[in-house]
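J.: The primary structure of each chain is shown beneath.
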Amino acid sequence: MTDALQVELVAADRVVWSGGATMVIARTVDGDVGILRGHAPVLSALTEAVVEITPEEGTEVIATVDGGFLSVANDRVSILSEHVLLAHEIDLSQAEVELEEARRLLGTNNDAEKRIRRAEARIRAVEKAS
Amino acid sequence: MAVSVRELRARIKSTESMKKITRAMELIAASRIIKAQQRANAAAPYARELTRAVSAVATYSNVDHPLTTEPAAPTRAAVLVVTSDRGLAGSYSSSVLKEAEGLVEKLKAEGKEVDLYVTGRKAEAFYKFRGRSVSQAWTGFSDRPDYDAAKEIGEKLIEVFVEGTEAEKAAAPGVDEVHVVYTRFITMMTQKPTAVRLLPLEVVEGTEAPAEGDVLPLYEFEPSAEAVLDSLLPQYVVSRIWFALLQAAASELAQRQKAMKSATDNADELIKKFTRVANQARQAGITQEISEIVGGVNALADAQAAND
Chain P
1 MTDALQVELV AADRVVWSGG ATMVIARTVD GDVGILRGHA PVLSALTEAV
51 VEITPEEGTE VIATVDGGFL SVANDRVSIL SEHVLLAHEI DLSQAEVELE
101 EARRLLGTNN DAEKRIRRAE ARIRAVEKAS
Chain Z
131 MAVSVRELRA RIKSTESMKK ITRAMELIAA SRIIKAQQRA NAAAPYAREL
181 TRAVSAVATY SNVDHPLTTE PAAPTRAAVL VVTSDRGLAG SYSSSVLKEA
231 EGLVEKLKAE GKEVDLYVTG RKAEAFYKFR GRSVSQAWTG FSDRPDYDAA
281 KEIGEKLIEV FVEGTEAEKA AAPGVDEVHV VYTRFITMMT QKPTAVRLLP
331 LEVVEGTEAP AEGDVLPLYE FEPSAEAVLD SLLPQYVVSR IWFALLQAAA
381 SELAQRQKAM KSATDNADEL IKKFTRVANQ ARQAGITQEI SEIVGGVNAL
431 ADAQAAND
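Respectively, the protein sequence lines represent chains P and Z.
In terms of the working numbering, the first sequence has 25 at position 25, counting the first letter as 1, and numbering is strictly consecutive.
In terms of the working numbering, the second sequence has 172 at position 42, counting the first letter as 1, and numbering is strictly consecutive.
Keep in mind the hints are simulated off the structure, nothing from the lab.
A quick note: this is a predicted structure, and the numbers were derived from the prediction, not measured.
Careful, some of the hints might be misleading.
Derived DEER-like restraints, expressed as beta-carbon distance ranges [to be verified]:
1. P:L106 / Z:V264: 28 to 38 Å
2. Z:T317 / P:V15: 20 to 30 Å
3. P:D111 / Z:K143: 54 to 64 Å
4. P:L106 / Z:E285: 21 to 31 Å
5. P:R37 / Z:L218: 48 to 58 Å
6. P:V29 / Z:V264: 34 to 44 Å
7. P:E101 / Z:R141: 53 to 63 Å
8. Z:M148 / P:K128: 50 to 60 Å
9. Z:A174 / P:H88: 18 to 28 Å
10. Z:A202 / P:V97: 42 to 52 Å
11. P:S130 / Z:A174: 26 to 36 Å
We put the beta carbon where it would ideally sit given N, CA and C, even for glycine.
Modelling step: build the complete structure from the supplied sequences, incorporating the hints.
T.: Encoded structure:
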């Protein structure tokens, strides 16, 4: 064990990323949180948004999550979400189409807001990564 | 000889082509099984972390949640039966259905009405044939389930369950408990149909006894323990269903492989048997022809001798 945070980014059907990191930024339902070493144990609900992980080595890992959880304890960070997409896995044009569609449904469909957030998060993730 | 040589040859040929088919199915099942096992393994970390989080919340807060409260007098139960879409998997579907029938009988004996929810065309056909109504059926993913399917099923089951506790046996047909019947994948050779109760949830408090040494950290909950639990528990339920579907898929493939292997072996046996019978028939034919020729020659010789 080094001095780094042990981060696991887990989707329902796979481990998307895991390794040592110096910082994790995620968006909970209350707002953005940044996790550094020595953070107090916390368990919080995430919203559809971008998650940024600064690994010990290499470039920043940018992904989107569809809700889920962030749990921090003893310098172990787990981010759990049903769907996790890394920035390079995101289809930008598809996200844009999705965003348009969700905006049109706004007010008629309960899921519309969620879908907008999801699509926006995807677009933002691609922009950040590029 | 009752069966002619030509007929036997045709039978051997058809058995041979059948053997090719079963052999191919066996190989396909064998290769898919590895993929199914990998999927099950890949899903394990998620389930592990989720269970950890749930037990953390359960240990450090005394929050009552509709999904964990035991109804005082359960009168209605939902049973989710996980079977395959396709046959040719030995007794796979029928043993799950048998297990499910046993559970339904038991629940009925306890005075509960049973709502059936099924996945897989086999279960759908089974209940349709018997004229029993199925509340909802999901089909088309039995050998490679995806998470969204599990989510759809989970959300439906949670919906009917929560209705049951809130609406107090009003006109809404909510249920008081939810059971799942699926096939557990133990090893390549053994798969066991299993019935478990899914809801109300029995949260195992603390993965290891929290009193000793390695205590679960004292978590802060954001925004609150209730809110975290509210979104955590449904995911936990879905993850359990996802686990059941993955296990069922691996079991289905394992049983299909086994069934197809024995079908192939059987075909081999049949070919051997038919070949023997065919050879015997051919030999008998030849013997008969020779004796006919010999008989004819003798008759000719006798006639010649009589003329002389």
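J.: Against this structure, judge whether each hint is valid.
T.: How the hints compare with the structure:
1. At about 36 Å, the beta-carbon gap between L106 of chain P and V264 of chain Z stays in the expected band of 28 to 38 Å.
2. The hint said 20 to 30 Å for the Cβ distance between T317 of chain Z and V15 of chain P, and at roughly 25 Å that hint holds.
3. Checked against the given bound of 54 to 64 Å, the beta carbons of D111 of chain P and K143 of chain Z, roughly 58 Å apart, stay inside it.
4. At about 22 Å, the CB distance of L106 of chain P to E285 of chain Z agrees with the hint of 21 to 31 Å.
5. For R37 of chain P paired with L218 of chain Z, a C-beta distance near 56 Å keeps the hint of 48 to 58 Å intact.
6. Range check, V29 of chain P to V264 of chain Z: about 37 Å between beta-carbon atoms, so the 34 to 44 Å window is met.
7. Against the hinted window of 53 to 63 Å, the Cβ-Cβ separation of E101 of chain P and R141 of chain Z comes to about 60 Å, which satisfies the hint.
8. The beta-carbon spacing between M148 of chain Z and K128 of chain P, approximately 58 Å, falls within the hinted interval of 50 to 60 Å.
9. Roughly 25 Å separates the CB atoms of A174 of chain Z and H88 of chain P, a value that falls within the hinted 18 to 28 Å.
10. A hinted range of 42 to 52 Å for the beta carbons of A202 of chain Z and V97 of chain P is consistent with their spacing of about 50 Å.
11. Between S130 of chain P and A174 of chain Z the beta carbons are some 34 Å apart, a value that agrees with the proposed interval 26 to 36 Å.
Of the hints listed earlier, there is not a single one the structure fails to meet.
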